[in-house]
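Engineer: In our numbering, the protein residues as written are 360 to 731.
Worth flagging that the hints you see were computed from the coordinates, not collected in a lab. These figures come from a predicted structure and were not determined experimentally. It is possible that some hints are incorrect.
Said to hold, decoys possible - Simulated restraints on C-beta separations:
1) Asp542 / Arg522: 24 to 34 angstroms
2) Ser421 / Gly574: 31 to 41 angstroms
3) Lys572 / Phe730: 16 to 26 angstroms
Stated by the list, open to error - The list that follows gives simulated cross-link-like pairs (lysine to aspartate or glutamate, DMTMM-like), each with its CA atoms no further than 20 angstroms apart:
4) Lys385 / Glu672
5) Lys382 / Asp590
6) Lys586 / Asp363
Here a beta-carbon is modelled for each residue, glycine too, at the ideal position from N, C-alpha and C.
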Amino acid sequence: MKYDYLIVGSGLFGATFAYLAKKAGKKCLVIDKRPHLGGNVYCEKVEGINVHQYGAHIFHTSNKKVWDFVNSIVEFNRYTNCPVANYKGKLYNLPFNMNTFYQMWGVLTPEEAKAKIEEQKKEALAALNGREPQNLEEQALCLVGKDIFERLIKEYTEKQWGRKCTELPAFIIKRLPVRWVFDNNYFNDKYQGIPVGGYNQLIDGLLEGIVCKTGVDLFHSEYKDWKKYADKLVYTGAIDEYFGYSLGKLDWRTVSFKTRIENTPNYQGNAVVNYTSHEVPYTRVIEHKHFEMFGQDIYICTKTVVSEEYSTEYKEGMEPYYPVNDERNNLLAEQYRQLAEKETDVIFGGRLAQYKYYDMAPVIEQVLSLFV
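Please take these sequences and the hints and turn them into a complete structure.
Structural biologist: Set out below in structure tokens:
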């Protein structure tokens with residue numbers, strides 16, 4: 360049987376594309392090299408809790424069309440992302456807001472907080488003596504000053520990127536959101552939440568009635584000659600792999616997890632706690648039940664599942680997560696994108712195929728725009 364589309368990858372781009380193509384009367388075949396569907400939003404049920412196998416995924420958007428679309432597939436709950444930072448045993452609210460400044464300096468008003476940050480910014484600007492910031496450290500110090508940088512940015516960033524802040528480019532951190540209100544909601548978006556029943560409900564809803572095959576790698580299966588099977592290819596894998604690494608390999612950062620069951624209903628009291636000092640090797644701890652259980656429901660489920668998250672350099676065989684935002688990789692990715700533009704009947708979509716970091720909502724927005 361010949362399909363209109365062979366879709367490589369069943370993450371949000373591939374699954375949304377398949378759903379909209381089917382709705383438009385097209386025949387799709389979805390293949391995925393992993394043993395499950397859903398890409399990085401895949402969840403596994405442990406002790407009655409949906410565990411985010413590839414790290415915390417929180418859906419947020421201000422685009423009503425995108426929000427209405429995902430809610431037409433599955434209802435979303437009211438989860439609000441309010442992470443906490445742990446620096447050497449002291450807790451700070453994120454993003455930087457009046458709660459953070461009170462915890463940091465004991466200030467009570469926006470005016471006092473502004474004065475403290477301005478004073479520290481002046482120190483950083485004086486040290487530069489009129490020149491532009493040359494690296495992430497200098498840039499961050501000019502934006503928020505020494506105390507916030509040293510406790511909440513410096514070591515966390517170094518763990519994430521595996522490089523010193525003085526070795527990272529300044530443009531990575533051109534702005535740092537600072538709020539002069541007592542508001543711990545991490546996102547400014549109008550809508551946010553988690554699918555009721557977990558992300559598998561969203562993926563299953565998008566792929567309902569569509570032929571899907573797992574454990575199938577495009578490059579090591581009969582589908583490498585995809586034109587025999589479909590008129591068009593939708594490719595969501597790594598762009599350099601598609602071109603056989605002909606221009607060289609792109610670098611990625613990846614994440615590994617140590618997940619365990621804790622014999623308590625409430626381990627850390629929050630879904631996300633960032634560990635911002637080098638004393639702790641992981642970047643954050645996720646307690647999965649808090650994404651979907653609130654109030655008394657937390658205690659009805661007597662156990663909990665936590666994941667320590669470790670940021671590492673990508674090696675062969677790992678899952679690539681984050682593009683490395685430096686000059687070499689940006690130039691190389693642009694060369695690959697130019698090759699991609701010349702490919703007829705191939706749509707390159709998503710984070711890996713475009714070598715760009717995307718949140719979930721913009722990926723869905725991108726697919727919706729293809730079907731206007």
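Engineer: Give a verdict on every hint.
Structural biologist: Consistency of the hints with the structure:
1. Asp542 / Arg522: 24 to 34 angstroms: At roughly 32 angstroms between Cβ atoms, Arg522 and Asp542 fall inside 24 to 34 angstroms, so the hint holds.
2. Ser421 / Gly574: 31 to 41 angstroms: 38 angstroms Cβ-Cβ, so the 31 to 41 angstroms window holds.
3. Lys572 / Phe730: 16 to 26 angstroms: The hinted range 16 to 26 angstroms holds for Lys572 and Phe730, with Cβ atoms some 24 angstroms apart.
4. Lys385 / Glu672: Distance of about 40 angstroms is beyond 20 angstroms: violated.
5. Lys382 / Asp590: 17 angstroms, holds
6. Lys586 / Asp363: 10 angstroms, holds
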